[in-house]
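Novice: Okay, here's what each chain looks like letter by letter:
There are 2 protein chains.
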Amino acid sequence: MQIRIVGLRSLPEVVRGDDLAALVVEAAAREGCSIQADTVVAVAQKVVSKAEGCVVDLRTIEPSPLAAGWAEQWGRDARLVELVLRESRRVVRMDRGVLITETHHGFIAANAGVDQSNVPGEDVAAVLPRDPDRSARELRRRLRCGAVIVTDTFGRPWREGLVNVAVGVAGLEPLEDYRGLPDRGGRLMHATVLALADELAASAGLLMRKTSGVPVVLMEGVEWKAAEGSARLLLRDPERDLFR
Amino acid sequence: MQIRIVGLRSLPEVVRGDDLAALVVEAAAREGCSIQADTVVAVAQKVVSKAEGCVVDLRTIEPSPLAAGWAEQWGRDARLVELVLRESRRVVRMDRGVLITETHHGFIAANAGVDQSNVPGEDVAAVLPRDPDRSARELRRRLRCGAVIVTDTFGRPWREGLVNVAVGVAGLEPLEDYRGLPDRGGRLMHATVLALADELAASAGLLMRKTSGVPVVLMEGVEWKAAEGSARLLLRDPERDLFR
Chain A
0 MQIRIVGLRS LPEVVRGDDL AALVVEAAAR EGCSIQADTV VAVAQKVVSK AEGCVVDLRT
60 IEPSPLAAGW AEQWGRDARL VELVLRESRR VVRMDRGVLI TETHHGFIAA NAGVDQSNVP
120 GEDVAAVLPR DPDRSARELR RRLRCGAVIV TDTFGRPWRE GLVNVAVGVA GLEPLEDYRG
180 LPDRGGRLMH ATVLALADEL AASAGLLMRK TSGVPVVLME GVEWKAAEGS ARLLLRDPER
240 DLFR
Chain B
0 MQIRIVGLRS LPEVVRGDDL AALVVEAAAR EGCSIQADTV VAVAQKVVSK AEGCVVDLRT
60 IEPSPLAAGW AEQWGRDARL VELVLRESRR VVRMDRGVLI TETHHGFIAA NAGVDQSNVP
120 GEDVAAVLPR DPDRSARELR RRLRCGAVIV TDTFGRPWRE GLVNVAVGVA GLEPLEDYRG
180 LPDRGGRLMH ATVLALADEL AASAGLLMRK TSGVPVVLME GVEWKAAEGS ARLLLRDPER
240 DLFR
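Note that the protein sequences, when read in sequence, are chains A and B. First residue of the first sequence? That's 0 in numbering that gives the first Met the number 0, and the numbers climb one at a time after it. First residue of the second sequence? That's 0 in numbering that gives the first Met the number 0, and the numbers climb one at a time after it.
Same shape as in the complex, but just chain A (with noise of 0.2 Å):
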């Protein structure tokens, strides 16, 4: 009972329009990596964002006044917290200088997953990809892998640092539900989903991380259910959520 995770390490600088898929397949053979059809591959948000040009010179953003006087508050850049609203349906929170929101996707994070790390430029910020599940499915399609999982670095409540999680997926059932199952002890189970996909996320991320150049990873020997599959699985139902 064995995983095998390889991190990609051969990508170029991606930039807008490039073709994403045949980047990955390229560094696989450079690297000796086979994509099976039952591999399953993580792709870092910030290298699907650069592609399909979901990056934003922030010199061409003019702040909100709510924007500027919080980001003056905060000593934040009032560029980049008026991104942040645009970004966003919704103001979870916004206090001490941290600006958690609901983007328009669905997806609960700080800064709306607005990001400045590994971009060119010092007025350039990275968005979240418009529909991170369709550029999922794409880059499955043209990948002719088991599925694909678009990663990004979320904070949580209560605990410390970031992980990576899904925010879009392709091609597996992204919860794993026992509900109903007996355990090894005959014992149904009530209340046991695992997320899934967000597991392989961080799994990948262990190879992805800030400074190891490291935008892709391939995974083997994951027991995964196929699906169509969606990020949007991975939303807790706002009439369930107790922490809204």
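Hints are supplied without guarantee of correctness; some may be wrong.
Repeated chains share a single entry, so a pair holds when one copy, or any two copies, can fit it.
Claimed, not checked - Only pairs whose alpha carbons sit at most 25 Å apart, straight line, appear in this in silico SDA-like list of lysine to any residue: (1) K209 to D176; (2) K209 to L180; (3) K209 to R3; (4) K224 to R3; (5) K209 to E219; (6) K209 to E222; (7) K209 to R178; (8) K209 to E172; (9) K224 to R8; (10) K209 to G68; (11) K224 to D122; (12) K209 to V123; (13) K224 to R235; (14) K224 to R208; (15) K209 to V14; (16) K209 to R235; (17) K209 to W223; (18) K224 to G154; (19) K209 to D37; (20) K209 to R239; (21) K209 to S9; (22) K224 to S211; (23) K209 to P181.
Quick caveat, the hints were computed from the structure, so don't treat them as lab data. Quantities reported herein were computed from a predicted structural model and do not represent experimental measurements.
Knowing the structure of chain A, use the given hints to seat chain B on it.
Specialist: Relative to chain A, chain B alone:
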């Protein structure tokens, strides 16, 4: 750049007083795996709790009026609710049948980590180890491996499904701190602290599924920084947590 994750399947049913380290060494030998000086060993909380006798006979529990009333309102076992309250130092949410508390260790978890899956008998529940860091340290000393992580599956706000997180850590720095380091474009990173121990736990979780019979996972090829380590470092400072 490659990580290998191997699950051990041949551990016997663990009971109070078992020498868990010896059982792990024997299972690894039986399955042809070696535990090296740089192996990260992840161990499911459930087997640690069983070996340490952190298993409670619910017939010995007398529910308080609070536990009894709330259990009746929501159709839950009053003895289990009482046990959860005893394992807690603070109730975070108690609503719609969901009980989220802060354990005596400081973990915020549904039902304080009290769990009836894969325990022997209807009237039995496992609780978290008293000091999971100590459990991890003791296992690491005996296994002579690089690091040990004791894992449990926790839910989280906003996202569906459980993920495995680290509740005990020995031998590694659980947070990888990039703050002040340059990214690949030379920009200094501000808010980037990766919860490495939780990503390792999630990776182990890919093999430790509820029905798989894999309570111990060996990980090779992970980069990490040696340190005494503690899962307490993963607990967010209450002053900085916007969700308390």
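Novice: Under the constraints set out in the numbered hints, which ones does this structure not fulfil?
Specialist: 10 and 11
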